[in-house]
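2 protein chains.
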Amino acid sequence: MTKHQLFNNIVKKQSFLCIGLDTDIKKIPVHLLKEEDPIFSFNKTVIDVTQQYCVAYKPNTAFYEATGISGLISLKKTVKYIRKNYPEQFIIADAKRGDIGNTSKMYARSVFDHADTDYDAITINPYMGEDSIRPFLVYPNKWVILLVLTSNKGSHDFQLATCSTGEYLFEKVLQKSQTWATDEQMMYVIGATQVKMLTNIRKTIPNHFLLVPGIGTQGGNLKNVAKYGINSHCGLLVNSSRQIIYADFSKKFAEAASQEAQKIQSEMAKYLARYIHLE
Amino acid sequence: MTKHQLFNNIVKKQSFLCIGLDTDIKKIPVHLLKEEDPIFSFNKTVIDVTQQYCVAYKPNTAFYEATGISGLISLKKTVKYIRKNYPEQFIIADAKRGDIGNTSKMYARSVFDHADTDYDAITINPYMGEDSIRPFLVYPNKWVILLVLTSNKGSHDFQLATCSTGEYLFEKVLQKSQTWATDEQMMYVIGATQVKMLTNIRKTIPNHFLLVPGIGTQGGNLKNVAKYGINSHCGLLVNSSRQIIYADFSKKFAEAASQEAQKIQSEMAKYLARYIHLE
Numbered sequence: 001m002t003k004h005q006l007f008n009n010i011v012k013k014q015s016f017l018c019i020g021l022d023t024d025i026k027k028i029p030v031h032l033l034k035e036e037d038p039i040f041s042f043n044k045t046v047i048d049v050t051q052q053y054c055v056a057y058k059p060n061t062a063f064y065e066a067t068g069i070s071g072l073i074s075l076k077k078t079v080k081y082i083r084k085n086y087p088e089q090f091i092i093a094d095a096k097r098g099d100i101g102n103t104s105k106m107y108a109r110s111v112f113d114h115a116d117t118d119y120d121a122i123t124i125n126p127y128m129g130e131d132s133i134r135p136f137l138v139y140p141n142k143w144v145i146l147l148v149l150t151s152n153k154g155s156h157d158f159q160l161a162t163c164s165t166g167e168y169l170f171e172k173v174l175q176k177s178q179t180w181a182t183d184e185q186m187m188y189v190i191g192a193t194q195v196k197m198l199t200n201i202r203k204t205i206p207n208h209f210l211l212v213p214g215i216g217t218q219g220g221n222l223k224n225v226a227k228y229g230i231n232s233h234c235g236l237l238v239n240s241s242r243q244i245i246y247a248d249f250s251k252k253f254a255e256a257a258s259q260e261a262q263k264i265q266s267e268m269a270k271y272l273a274r275y276i277h278l279e
Numbered sequence: 280m281t282k283h284q285l286f287n288n289i290v291k292k293q294s295f296l297c298i299g300l301d302t303d304i305k306k307i308p309v310h311l312l313k314e315e316d317p318i319f320s321f322n323k324t325v326i327d328v329t330q331q332y333c334v335a336y337k338p339n340t341a342f343y344e345a346t347g348i349s350g351l352i353s354l355k356k357t358v359k360y361i362r363k364n365y366p367e368q369f370i371i372a373d374a375k376r377g378d379i380g381n382t383s384k385m386y387a388r389s390v391f392d393h394a395d396t397d398y399d400a401i402t403i404n405p406y407m408g409e410d411s412i413r414p415f416l417v418y419p420n421k422w423v424i425l426l427v428l429t430s431n432k433g434s435h436d437f438q439l440a441t442c443s444t445g446e447y448l449f450e451k452v453l454q455k456s457q458t459w460a461t462d463e464q465m466m467y468v469i470g471a472t473q474v475k476m477l478t479n480i481r482k483t484i485p486n487h488f489l490l491v492p493g494i495g496t497q498g499g500n501l502k503n504v505a506k507y508g509i510n511s512h513c514g515l516l517v518n519s520s521r522q523i524i525y526a527d528f529s530k531k532f533a534e535a536a537s538q539e540a541q542k543i544q545s546e547m548a549k550y551l552a553r554y555i556h557l558e
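In order, the protein sequence lines correspond to chains S and C. Heads up, the first sequence is in the working numbering, so the first residue is 1 and it goes up one at a time. Heads up, the second sequence is in the working numbering, so the first residue is 280 and it goes up one at a time.
Do not take every clue at face value.
Dumping the calculated SDA-like pairs for lysine to any residue here, alpha-carbon to alpha-carbon at most 25 angstroms [stated by the list, open to error]: (1) C/384 - S/219; (2) C/282 - C/478; (3) S/105 - C/521; (4) S/77 - C/347; (5) C/384 - S/9; (6) C/506 - C/459.
Chain S is nowhere near these chain C residues, computed Cβ spacing over 12 angstroms in every case [as the list claims (entries may be wrong)]: (7) 305; (8) 331; (9) 384; (10) 409; (11) 420; (12) 441; (13) 445; (14) 455; (15) 461; (16) 507; (17) 512; (18) 541; (19) 546; (20) 551; (21) 553; (22) 554.
Think of the hints as simulated: they come from the structure by calculation, not from any bench. Being a predicted model, the structure only gives us computed values, none of them experimental. Heads up, the beta-carbon is just placed ideally off N, CA and C, and yes, glycines get one too.
Working from the sequences, and respecting the hints, build out all of it.
Here is the structure:
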């Protein structure tokens with residue numbers, strides 16, 4: 001998907017919501033455990049009732065790897081289901097991969113060069129530097145979403161360490177990585193809990209899309225993320241996972257998830273009207 | 280496995296060799312492609328002919344993910360095969376994972392809490408900080424192997440950035456992470472191409488095991504790694520992948536792999552005698 005297509009979808013749906021499919025077999029409604037593939041059944045239902053309110057889905061691979069091969073089959077079915085039924089959705093493999101060039105090539109193959117797992121984007125950890133990212137950039141219209149400043153407490157350990165040249169490490173990652181790819185191929189993860197940094201971040205990267213996790217359960221605030229993060233092409237994909245998919249644990253989980261997604265979408269529509277002036 | 284048990288295996292086998300099972304379906308001998316599970320057949324043969332010369336195996340998950348579900352089944356069979364037939368081998372999931380605490384817990388479950396994938400250790404990327412690592416440390420006798428200073432060119436991008444406090448970023452990672460776990464639970468990845476740094480690294484962490492990739496194809500030198508890296512409990516697992524498993528591409532690949540592993544083991548025996556004085 002191109003940046004232009006993504007922006008068009010955002011305008012059409014009046015939403016920049018990304019739904020995190022962090023599906024934990026221990027948390028889904030018990031009545032689903034009777035199904036042949038409970039994880040896929042849960043995902044399919046959540047997708048069907050939320051797709052009109054979002055522009056992206058982001059399964060986090062950890063949740064599927066946790067149940068071994070069967071979990072990975074559920075993941076594969078989920079990605080195929082979205083691709084087939086809602087082809088306008090932007091699908092992100094939240095995998096936080098990264099290895100030496102020779103090995104990153106294999107990870108790139110696994111997400112971008114496989115009929116079963118046709119993702120639009122993958123999240124990548126920058127610690128190993130340029131050659132760990134390059135192999136993901138050779139696929140046309142596929143995206144690398146680089147971890148820059150994450151939403152968790154541990155972001156203070158290294159990402160917010162100050163370099164001898166005066167900037168934070170995460171700023172060095174931002175600056176350096178801009179020489180590797182344009183805003184048509186790279187996005188950045190900025191946690192919603194780091195909203196204080198957004199104004200400065202936008203000075204460095206005015207045009208890039210940001211993937212913003214951490215609203216809801218993690219404490220980030222959508223209003224401020226929109227205020228300081230939106231650019232002329234929206235430039236935001238704000239993720240919500242638990243708040244939507246675990247809005248309810250009973251048989252009414254689908255309605256609850258749908259309502260929660262709609263609530264966020266309505267709020268997003270307000271911010272789009274407020275901060276973007278479409279001709 | 281405890282540190283003591285690992286050291287005993289090293290002494291018994293006179294080897295601190297770890298063999299990287301970076302098995303690429305495009306590189307294995309063509310006659311194996313007729314087998315039902317070519318990747319597993321290849322691994323099984325390599326393991327059978329090299330196990331006497333090494334103390335650890337390190338499958339890199341990227342190579343298995345690259346072929347989708349079938350690759351992950353081959354990986355699972357490989358780990359089970361090693362565990363069953365050579366229980367003294369230390370098995371490392373070279374997965375370079377790391378996510379927010381809630382998600383890292385899922386990754387930890389996938390490698391340490393699963394009958395099919397009973398690894399001893401996993402490689403972890405430190406960029407997201409302490410809470411991304413903690414969930415892996417709750418499993419007794421299981422290890423976190425933290426990426427510190429990798430063997431690739433990209434290590435210069437951020438790992439070798441200087442902090443305002445004067446040290447390199449990788450040194451900050453070393454220092455900080457020592458407060459999270461002891462040398463009975465944590466090891467560090469130091470690339471063999473970074474041997475110049477080893478003396479200083481040993482001043483900071485005299486007792487930890489280091490996992491050292493990058494000898495052979497990547498240009499690192501075993502002699503210098505041993506000279507500057509060995510401590511009183513050996514403290515090294517030196518990895519070789521391509522040099523061993525792809526020593527030959529014909530029907531003679533097994534003999535070639537075995538000879539290559541033996542050659543490295545003999546050299547290691549010399550260094551163990553030279554640098555460790557056993558009572």
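Now for the hints, and whether the structure bears them out:
no., hint, result
1, C/384 - S/219, "20 angstroms, holds"
2, C/282 - C/478, "22 angstroms, holds"
3, S/105 - C/521, "15 angstroms, holds"
4, S/77 - C/347, "12 angstroms, holds"
5, C/384 - S/9, "34 angstroms, violated"
6, C/506 - C/459, "28 angstroms, violated"
7, 305, "10 angstroms, violated"
8, 331, "27 angstroms, holds"
9, 384, "8 angstroms, violated"
10, 409, "5 angstroms, violated"
11, 420, "20 angstroms, holds"
12, 441, "4 angstroms, violated"
13, 445, "7 angstroms, violated"
14, 455, "6 angstroms, violated"
15, 461, "18 angstroms, holds"
16, 507, "22 angstroms, holds"
17, 512, "28 angstroms, holds"
18, 541, "25 angstroms, holds"
19, 546, "24 angstroms, holds"
20, 551, "28 angstroms, holds"
21, 553, "30 angstroms, holds"
22, 554, "28 angstroms, holds"
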